[in-house]
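Colleague: In the order they appear, the protein sequences are chains A and B.
The opening position of the first sequence corresponds to residue 1 in the working numbering, with each subsequent residue numbered one higher.
The opening position of the second sequence corresponds to residue 1 in the working numbering, with each subsequent residue numbered one higher.
It is worth saying that the hints were derived from the structure and are not from the lab.
Among the hints, erroneous ones may be present.
A pair counts as met if it fits within one copy or between any two copies, since identical chains are not told apart.
What the hints assert, rightly or not - Straight line, CA to CA, 25 Å or less: simulated DMTMM-like cross-link-like pairs of lysine to aspartate or glutamate:
(1) 152 - 188
(2) 265 - 345
(3) 83 - 345
(4) 50 - 63
(5) 83 - 28
(6) 102 - 376
(7) 7 - 194
(8) 66 - 345
(9) 173 - 141
(10) 217 - 88
(11) 182 - 124
(12) 75 - 11
(13) 83 - 11
(14) 265 - 220
What you are looking at is a predicted structure, and each value in this text was computed from that prediction instead of being measured.
There are 2 protein chains.
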Amino acid sequence: MVKDIVKMIKEGKYIEVRNEITKMNVVDIALFLEELNNEHLLIIFRMLPKDIAANVFSYMSYEQQKYIIESFTDKEIKTIIGKLFLDDTIDFLEEMPANVVKKILKNTDEQRRKLINQFLNYPENSAGSIMTIEYVELKKEMTIKHALRHIKKTGIDKETIDTCYVIDDSSRKLEGIVPIRKLILNDENMIIKDIMDTNIKYVYTIDDQEKVAALFKKYDLISMPVVDKENRLVGIITIDDIVDVIEQENTEDFQKMAAMQPSEKRYLETNVTFLAKQRITRLLILMISATFTANIIRRFEDVLQSVVILAAFIPMLMDTGGNAGSQSSTLIIRGLALGEIKLKDVFKVLYKELQVSCVVGSVLAVLNFIKIYYVEKVGFKVSAIVCLSLFCTIVLAKIVGGVLPIIAKKLKMDPAIMAGPLITTIVDAVALIIYFAMASRFLLLI
Amino acid sequence: MVKDIVKMIKEGKYIEVRNEITKMNVVDIALFLEELNNEHLLIIFRMLPKDIAANVFSYMSYEQQKYIIESFTDKEIKTIIGKLFLDDTIDFLEEMPANVVKKILKNTDEQRRKLINQFLNYPENSAGSIMTIEYVELKKEMTIKHALRHIKKTGIDKETIDTCYVIDDSSRKLEGIVPIRKLILNDENMIIKDIMDTNIKYVYTIDDQEKVAALFKKYDLISMPVVDKENRLVGIITIDDIVDVIEQENTEDFQKMAAMQPSEKRYLETNVTFLAKQRITRLLILMISATFTANIIRRFEDVLQSVVILAAFIPMLMDTGGNAGSQSSTLIIRGLALGEIKLKDVFKVLYKELQVSCVVGSVLAVLNFIKIYYVEKVGFKVSAIVCLSLFCTIVLAKIVGGVLPIIAKKLKMDPAIMAGPLITTIVDAVALIIYFAMASRFLLLI
C-alpha cells in the first residue's frame, strides 16, 4: 500500500495519489504518512485538501508535525493552524520547541494568539487545559427554526454541534443545554427556553481532569460545559478527550503501583536518562527500607547458624506474603479509583480481608506442610514453623494490603502508592520477625 | 436531602416529592433511591413519569431492580420493560435469577422476546453483547428534508440519533453513515447518497469488545455500527458503553498483574468464597515455583553455614530485583495494551532496558556498597559480592521484565500475566544462583 503510493509519487501520478489518499480516514492517513520519508511526506501533505490536512495534522507524530512547521512557509502555516481546532493546537504547542512555537504564534492573528496564551496558562491536567472553544451558542428566546438557521450559519467549523449551549446575552452565564436531536424532534416554532435542559452538569476551568472524567462516567455524558469562576461559559470538553484522560489516569496508576514516578510519555519515545530517573528514587527508598529485614535476620543469626535450613524458606515466605498483599491492595486501589469503595467501607474491607486471608492462608499453609514435611522430608518442627509463619504472613499481608490504600486516601494521598512494592517491604519485616521468633522459641530450647 | 424527602413522603406530600425528584438527573435519582427502604422505594418509583422511570431503572442496583420486578404487577412490568432500551434490558436480565427473568419474558411481546433471546446468545464480551438496536435507519435515495421528517417520526425512542445509518432496502447491508449535523448543515434538497460517508469503521457481532474499544480510541468515535457475517446492519455500539469496557479491561489487567483471576464483580458485592478462589490458584502456583529458590539455598547450605551473614541480604536482593522487574514489565504491558509498543519493537525494548538497567543497577549497587561496607561495617568481600549480585539481579530483572510480556503477546497469551509476581519468582531463582555461586567461589576458597 505504502509502496504502491510511493511508486505513484515517483512516477508523478499526483492526481491518482491524491484520489487514493483522500478516500482514507484521517487517522489512517496520519499513520500512512508516518511510513514516508520527509521528502514524500511534504509532497503528499501539500496535496491534501486544506480541511483534511488540518485534521490529519492533529493525528501526526510530534516529530513529523515539527518537521512540517519547520519546512512550511508562513502562508502555509497560517492556513493549517487556522483550520486546526483550538484544543488540538494547544496539545501540539505544548510539545513543540520554542522556535516552532514562535513561528506559529507569529502566523496567528492577535485574537487567537490571546486565546492560545490563555489556554496555555491553565494548570496541567485541569479542565481548562483539555477544553475547546468550538461549540454552538444559542439564546433562550430563539425559536427552533431560528436556532437551526443560526447553527447552519455558524456550525460548520464547530467541533461538536451535537449539543448546543444556551447562554445569557449580557452576562454570558450558562443557562441550559439542548441536544441537537431535540431541535429536530420538536416543532420548529417552539422556543429554546421550553425545550432546554437546565439541570446541567458542568465543571470549572481549574477542576482536575480526573474529576471531569468521573462525571462523564457517572452520567454517561458525550460533552460537558466548562465555566469560569463567574459561571460564564468558556469552553466544552468532549468525550474523545475524556477517553484519553481515562487511559492516562490508568497508566499513572499502573506506574505508581509498580513504584515509578508517573509519566505521560510513550515508552519508545522516552530517553534512557528519563527512564532511569523515573525508576531510581522509589527503588532506592524500598531498598533502604529492606535494611530492616537485613537487621532482623542479623539479630537472629544464632538461630540461623544452628538451623541453616530456615534460610531456605525465607524467599517462599516473603514472595507469598508479597503476592497476597498485592492482590488485596490492587483490588482496593482499583475499587477506590472507580468509586466502588468509599472511605466509610474501611471496616467492611477489613472484615472481608480477614475472612479471605484465613481461607487462603489455611489452604496454602496445609498444602505447603504436606509438600515440605511429607515430600521433602523436612523435620516436623521446622515444617510446622514455616507453615504457621506462612499463615500469619498471608493474614497480615492481606489486612495491610486492604487497609493501607484506604488510609492513604483518608490522608489525601494517592492510594496507588500503597501497592505491591511498599506492602511487600512492610510485610517482609513483620513476617521475618514472626518466623524467627517462633523458630528461636521452639527450636533452640531443645 | 434524603431525610427531607422521606419526611415529605410520611406527611403524604406526594406531589411535592414528585416535583422535587423529577427535577433531578436520572443517575442522581437512582443513587437517591438506593438510600431508601423498600417500602419508600416502591412508593417513589411508582410516582415517576414512565419515561424517567425506565431510565432510572437502568441505573439502579441489581438488588433494587430485582425487588421492583418481584413486587410489580404484570402490567407495571410491561410498561417499564417496554420503555427500557434493549441493551439495558440485556445487561439487567444477565444478572437476574431465573424467576425474575421468567416474569419479565412473560410480559414481553413475542418479537422483542425473540430479540432478547438472540442478544442473550451473543458470546460474553462480544460486540453483539454490548450493542443496542435503537438507532435511526435512512435510505440513500432520501432527500435531507425527507430524512428529517422520517427521524422526527421514528427518532423519539432511539438511544442515539446523533449518527444515522444508511442501509440498502432489500439486503439490509450497511452502505453509509450520516452524522446528524450534516443533515442540519446542508441544503434540505440534497440527497443522502451525496452527503453520506462510505468510509465506515464497523465491527462484527462476534468481535471482542476489546477490539471495538481500540477502534473507538483510534478513530475518536462516538458510535459504531455492528454487522452480522453477511454484512447486514444489526445494531450499534455507543461510546458510554465503550467507556465501561475500557475501565473493565483495565480492571482485568490490574487483577491479572497482581496474580488474580480477573472478575467483573464489585469488591464489596463479592462473597468471601469467590474472593478466596480468585486469589488462591496463582498464589499456589507461585508458591510452588518458589520451591526452586528453596532448593537453591539448600544446595548452598555449606556456604551459608560458614558465612551466615549472607542470609541477611537475601530479602533486599530479592525485593529490589522483584521491584526492578515489575517496573519494566508494567511499562511494557501497558505500552502493549495501548498499542504504543508493537511486537516488532522487541529489540528496541531489549536495548533500552539494558541501558536503563545498567544505569539503575550501578547507582543502586554503589549506594548499597557505601551503606553496608562503610556504615554497617560488613566485610569487604561480602559487601562486594552483595553489590555485584545486586547489579546483576537488576539488569536481569529489567531484561526479563521487558521481554517476557512481548514474548507472551507473540505467543497469543495475555501479556498482563507476565507481571511483577511471575517476574519476581523467575528473577529470585537466578539471582540466588548468582549470589551463592559468587559467594562460594570467593569466600570459601580462603
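Colleague: Each of the hints needs a verdict: does it hold here or not?
Modeller: Verification of the hints:
1. 152 - 188: both (15 Å within a copy, 11 Å between copies)
2. 265 - 345: between (35 Å within a copy, 17 Å between copies)
3. 83 - 345: Intra 51 Å, inter 35 Å, cutoff 25 Å: neither.
4. 50 - 63: Within one copy only: 21 Å inside a chain, 55 Å across chains, cut-off 25 Å.
5. 83 - 28: Cα proximity of residue 83 and residue 28: one copy only (19 Å, versus 40 Å across).
6. 102 - 376: neither (72 Å within a copy, 56 Å between copies)
7. 7 - 194: Answer is neither; intra-copy 60 Å and inter-copy 31 Å both fail.
8. 66 - 345: Classified as between; 24 Å across copies, 50 Å inside a copy.
9. 173 - 141: within (15 Å within a copy, 43 Å between copies)
10. 217 - 88: The answer is both: 23 Å in one copy and 16 Å across copies each meet 25 Å.
11. 182 - 124: Answer is neither; intra-copy 35 Å and inter-copy 34 Å both fail.
12. 75 - 11: neither (28 Å within a copy, 72 Å between copies)
13. 83 - 11: neither (31 Å within a copy, 60 Å between copies)
14. 265 - 220: Between copies only: 20 Å across chains, 28 Å inside a chain, cut-off 25 Å.
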